[in-house]
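With the hints as a guide, dock the two chains, each given alone in a separate frame, to form the complex.
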Amino acid sequence: MFKDIADVRERLGQQQYIASEEIGTVTFLAQSLSKPILAEGPAGVGKTELAKAWAKAIGRPLIRLQCYEGLDESKALYEWEYAKQMLYTQLLRETLHKVLGDVQSLSDAASRLAQEEDVFFSENFLLPRPLLTAIMSDEPVVLLIDEIDRADVEFEAFLLEVLSDFQVSVPELGTIAAKHQPMVLLTSNNTRELSEALKRRCLYLYVDYPAQDAELDIVRLKVPDLSPELARQAVAVVHQLRNMDLRKVPSISETLDWARALVTLNASAIDEKTLSNTLTVLLKYETDVAKAKRMMGNSGGSQRGRWER
Amino acid sequence: MDDRVIEFVRGMRAAGVRVSLAESMDAMRAIEALGVTDKTIFKSSMRATLIKESQDFAVFDQLFPLYFGSGGPMLQNALEELSEGDQEMLQAALQALSGRMQDLLDWLTSGEGPTKEELEALANQAGAQWADNPGEARWVTRRMLQQMGMGHLEQQLSELYQKLQEMGMSQEAIEKLMGVVEANREALAEQVAQQVGMQIAQQRANRPDDLHGSDLMHKPFSALSEEETAVLRKEVARLVTQLRTRAAMRRKRGTRGKFDSKSTIRANQRYGGVPLELRFKKNKLKPSLVLMCDMSRSMFHVTEFMLTFIYQLQDQVAKTRSFAYYSDMQEVSHLLNSNRAEEAAQEVFDAFYKGSPGHYATDFGGSLDSFYHHWLSAVNGRTTVVVLGDGRNNYNSPRIDLIKDLQKRARRVIWFCPEQERQWGSGDSDMLEYATAVDSIYVVRNLAQLATAVDKLLAGD
Chain A
91 MFKDIADVRE
101 RLGQQQYIAS
111 EEIGTVTFLA
121 QSLSKPILAE
131 GPAGVGKTEL
141 AKAWAKAIGR
151 PLIRLQCYEG
161 LDESKALYEW
171 EYAKQMLYTQ
181 LLRETLHKVL
191 GDVQSLSDAA
201 SRLAQEEDVF
211 FSENFLLPRP
221 LLTAIMSDEP
231 VVLLIDEIDR
241 ADVEFEAFLL
251 EVLSDFQVSV
261 PELGTIAAKH
271 QPMVLLTSNN
281 TRELSEALKR
291 RCLYLYVDYP
301 AQDAELDIVR
311 LKVPDLSPEL
321 ARQAVAVVHQ
331 LRNMDLRKVP
341 SISETLDWAR
351 ALVTLNASAI
361 DEKTLSNTLT
371 VLLKYETDVA
381 KAKRMMGNSG
391 GSQRGRWER
Chain B
13 MDDRVIEFVR
23 GMRAAGVRVS
33 LAESMDAMRA
43 IEALGVTDKT
53 IFKSSMRATL
63 IKESQDFAVF
73 DQLFPLYFGS
83 GGPMLQNALE
93 ELSEGDQEML
103 QAALQALSGR
113 MQDLLDWLTS
123 GEGPTKEELE
133 ALANQAGAQW
143 ADNPGEARWV
153 TRRMLQQMGM
163 GHLEQQLSEL
173 YQKLQEMGMS
183 QEAIEKLMGV
193 VEANREALAE
203 QVAQQVGMQI
213 AQQRANRPDD
223 LHGSDLMHKP
233 FSALSEEETA
243 VLRKEVARLV
253 TQLRTRAAMR
263 RKRGTRGKFD
273 SKSTIRANQR
283 YGGVPLELRF
293 KKNKLKPSLV
303 LMCDMSRSMF
313 HVTEFMLTFI
323 YQLQDQVAKT
333 RSFAYYSDMQ
343 EVSHLLNSNR
353 AEEAAQEVFD
363 AFYKGSPGHY
373 ATDFGGSLDS
383 FYHHWLSAVN
393 GRTTVVVLGD
403 GRNNYNSPRI
413 DLIKDLQKRA
423 RRVIWFCPEQ
433 ERQWGSGDSD
443 MLEYATAVDS
453 IYVVRNLAQL
463 ATAVDKLLAG
473 D
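As you go down the protein sequences, you meet chains A and B in turn.
So for the first sequence, the numbering used here puts the first residue at 91; every next one is plus one.
So for the second sequence, the numbering used here puts the first residue at 13; every next one is plus one.
Do not take every clue at face value.
Distance windows between CB atoms, simulated [to be verified]:
| # | chain 1 | residue 1 | chain 2 | residue 2 | range |
| --- | --- | --- | --- | --- | --- |
| 1 | A | Ala326 | B | Arg16 | 41 to 49 angstroms |
| 2 | A | Leu182 | B | Ser66 | 51 to 59 angstroms |
| 3 | B | Pro77 | A | Asn280 | 25 to 33 angstroms |
| 4 | A | Gln271 | B | Glu202 | 40 to 48 angstroms |
| 5 | B | Lys468 | A | Glu244 | 20 to 28 angstroms |
| 6 | A | Val353 | B | Arg16 | 51 to 59 angstroms |
| 7 | A | Glu319 | B | Pro77 | 57 to 65 angstroms |
| 8 | A | Glu262 | B | Thr448 | 41 to 49 angstroms |
| 9 | A | Gln302 | B | Gln358 | 48 to 56 angstroms |
In silico lysine to aspartate or glutamate, EDC-like type, Cα no more than 20 angstroms apart, as pairs [unchecked claim]:
| # | chain 1 | residue 1 | chain 2 | residue 2 |
| --- | --- | --- | --- | --- |
| 10 | B | Lys246 | A | Asp94 |
| 11 | B | Lys331 | A | Asp94 |
| 12 | A | Lys165 | B | Glu289 |
| 13 | B | Lys298 | A | Asp242 |
| 14 | B | Lys246 | B | Glu65 |
| 15 | B | Lys51 | A | Asp94 |
Covered, in the sense of this in silico footprint (three residues per stretch, anywhere, with C-beta under 8 angstroms from a C-beta of chain B), are these stretches of chain A [stated by the list, open to error]:
| # | segment |
| --- | --- |
| 16 | 107–116 |
| 17 | 167–177 |
| 18 | 240–252 |
| 19 | 275–285 |
| 20 | 294–303 |
No lab work stands behind these hints: they were computed from the structure.
Even for Gly, the Cβ is constructed at its ideal location relative to N, Cα and C.
So that you can see chain B by itself, here it is in the shape it has in the complex (with noise of 0.2 angstroms):
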């Protein structure tokens, strides 16, 4: 049982559910207080000890059947139901028909269904050993079935209740037999399906490791895979974690203010006015940010993770207001407020292509004005403005002018470009013109970059 536990464990990790040894060592002591009689309490003791996460339930529930499962329901046994003469029919029947079918009939009639070896040697010839993503598992099994012969069992199933009938067998009997065989099917199918799903859980655990989160940080967002995206998704709850405690360390360092004796007095009354405790008053380093994110498809990488991020660090923001643009400027803060960071990115773009069906091209300069016209009051002295863009207009008018005025009005107005310089000014791209206008640009073309762009905006420097 410990090593299924243990095999087990590697499955989830292998996919992407983090268990430490000290989880599945609670696993093992859970075990041993609870036992493994009981299923359901079973299956509750594991997910309790060994998943920390809702969203990880569902790969929980889809690995525990493969590793914990009987396998599969069992067959019966079909010839049990029928009389003596009845059974010896079915046999000659059986014999009559004989065939590359027979093992299947076989399996179907006896309820003695392929042993674990077999299946597994079936599995292996349907491709099962080359899989290694649950994605693939649908498609082997069919594919496993059909070498089994099930896509010719229809017809050789009429053939022999027809050579049944012709033998003598009662309709009753042949009704019976056939409601066995079909159930039978299905829990031979049910089977298939579980070696083939198990197959491929344990090969996942086996492959090497080739997606590593810190390696991935530095690959360029433009050239990331929809797996890698996932990845780097977890990385991102890392870096949040270390950008959090980095910030408040920096915070707390920061709160010794200026002395304050109003505070103070009020403080010390309780030791008679001897002043005991000293008070100060806070400098307040909190950040109060507006976001301007660009919403075109090619910058819903680094638009996603952008997001993320800010929300993820609201507690070590004093205020943030976001604006999504791409031919208009549209708030989006409420859309991030009542979400969990990762899905609230995926709802910000749905709100915004469901919004403005059909194709625009980016207009920041026009998003710009739109934005002075309906939300100027969201910027004031302590704002710090962040436009996460690649400032490609498609030759619409930058308006510098707008964005001059901003850097004026703001405390800062910070440029997160997923482009290289190099590449500044080429086509379409005013980069070069808004490179002039504002207090300083991070070029953020991968997590790293990314990270350390972010991690300098909370600084306030």
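Pulled out of the complex, with its shape left as it was, chain A reads as follows (with noise of 0.2 angstroms):
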């Protein structure tokens, strides 16, 4: 458990991750008020890997619920194995002759299973998806609900139980309530508007690409062995592409790749030809990657003499 905000941040920062003053309120705000977190912004700019740093950082289990469309609760929450049922049936045959042995009529033999029922339909045949798992934990845990917005509107609907009074129905076995409430934290891509009950219930995060001066400490942390001349540029750089009018702008992982790709590739400075061979771990369209090649050309006078001949 955390202390206070700097707090937070020192021990987020000692799992590797940078958090901004704001990221640290709230992460702080989600543990005092025991509330999931609800973090919305551009592709890779770790979202996700602040539910991996947190878990870390307060040394918890992380269980990941990854989002899709078609997502439905057999997949999220429970599913009843019905191969194991079925197993079990045929292995326990001579214990059923036992049991319905001396029965006489049909409905005896009825009446005295049903008061077996509740072996098949008990914890052992239960499979738990991440969400019963994080609530059935005995210790507790941090979960991590990614990509929220590409799970459908009734899926939406569903997580409010689970995410204001920490506890699932199971009809067979009625509700179980959380032993210990986990830490949530739900991602989204902002693809689409998520239902105003589901952002009630959560602390909003807004994280943004970060400031030049934020990513540079970034890179300098993630890839110690690129000089940091080198980062600086590099930086530099994407921050740029980031202010061009682009498809797709380079994400703060991809930054990460480069400055790896930079590191094996043994670069010594970020000339035409580095920047050529390698702007494609930044950009991933082509039309992206002819613009910012102009762009480049086009900046500085050496270079540009350089680069029409």
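Following this line, the structure appears as structure tokens:
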């Protein structure tokens, strides 16, 4: 558990996650108000990473639920293990004979069997999926519900019970309440509006691309082999690209990939050649690459000369 | 403090941000947990609990300093910096200059600015109590500063400095004084601006709600003001959620299709071939759409809301290709796919008007012709073609033959028309002819009608 905001930032920092003051504040609030965090922002700014660092910082296991279109309760919450139930029925045939050995009529057999019904709908045959795992866990966990905007609206409604009361209802077993309240982080890339009911239950955190200095810190931390000067240049290029009108601007994770590529290639400076060789690490569309090359060619007089030759 | 937070929440609601009771309670609890001593932490804890949409951050950032600001920077005391002799000289010079500027000069030199009550009285004099629109803030602020005498300040100050010089104050002391007065003047202006902003925000919060989304839904698009359109945009978001739920329910009921033997056998391999789980073929109920939108100015709101609807409901639609026409047809799907719906519509308009400068008259017939040449492959037996337009063709050929042919190729052709039936056929309207060639026509004069029409469209009838 965190003591205060400074503690949050320091311990996330130990996990190689540089948290802004806002991230620190919201994370601390989530803990002290026991509320889920809803983190929104462009892809690749470290929303998922925050959950991982958070779990490590407080020494809790991380349970992840990746959302996608068509995700339903049986994949997110629990499922009955039909195969195991079938197998047990086969194996227990002998015992069943004993139980049912002396009954006279069919209705007697049925009612006697009904007494034993609970055996087959017990936790033994319950296959817990991420949400149920998080709730039934004996130790507190961090639950990451990733890319909630991809899931259907109905699933969102179903999550409400889990997020506000930290309990789930399994019809055959009744309501299962969480032994320990999990810390929950939901992420969204904002591809669609989430329902107000869901938002109301969460603290809202908007994670944006970091400022140049902050991103430089991240690069220096994650890719220590890159020389400071080169790192500074690389981050400057990325920020220049983000200001351009591109189909997909580079994210932090792509900056890091690029920094690693520069280390691997043993680059000594970011010149035209290195840039044109590695630009595809940053940009994922042909048109973007072409546009960026044009832009780079036009900036700086000396570079321009070389470019035109 | 609690009262202040409640006032703040009221102010935000008045500015159009949706804040629920549960959220303001969270804000209170956040204050209990983190306190209010550190301003930045306080601000981000308020923001995390109260604001749940990134586009509302702007309102928050604007209102927060008004409610929780210190009321502007403090003024400094100029007298402290001066020697006793100089202080006396200043007092004497100020007395000599006495006039209606006395108050202002006193504030600027003594470091004791106007009290809260004085500021409020001044603001009311300047007309702040009649203002409830943040746009008026700058105007009221300027008026208030004028009334305080800022306009003649330069002149007064130079007189003052001159007098001090005559009285024998050293150049150095005068410069020091000038520096402090200058800083105080800026601080005072800031205090005034915050006072005005604060007062206006509170008055807006107290204003009776006159704009209800649900009332506006029945107001014709053509009569909407800019402010009302903004309210309606929020209403659209609510309608979209409603429509989506309904469409999803319909789809769920419709998923039970024919028995799928192949998939059933495969699914039941793990039970040793005993068919425990039955599989059915899914009925595809998602419509696939081709939209043709009129881009003339008169159609702006209808088109904007229609595009917003369709692109927010993308998950309920199998495929959409959008075309915009004016004098000619253009495909705009790419613009809409890469943006958020609200901004996208505006972008389509901008792109369209940048692409065809000058004044062109609507020509749907001609546009239809170029659609036939370039994009006919977009239409097949599963496509629903939706035309959004008033059918006013500027006396160009309506090309009924093409729309009839389109109707044969597509699953159906639907027309959304913003004009009432009795206006069809008047002037340059070809609506009556089009009416015979398409499967159905919906009159969409207001948001309520548009929502119903879109719902019917998604339902497939």
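Next item on the list: State the violated hints by number, sorted upward, taking the hints as numbered earlier in the document.
Entry: 7, 8, 9, 10 and 11
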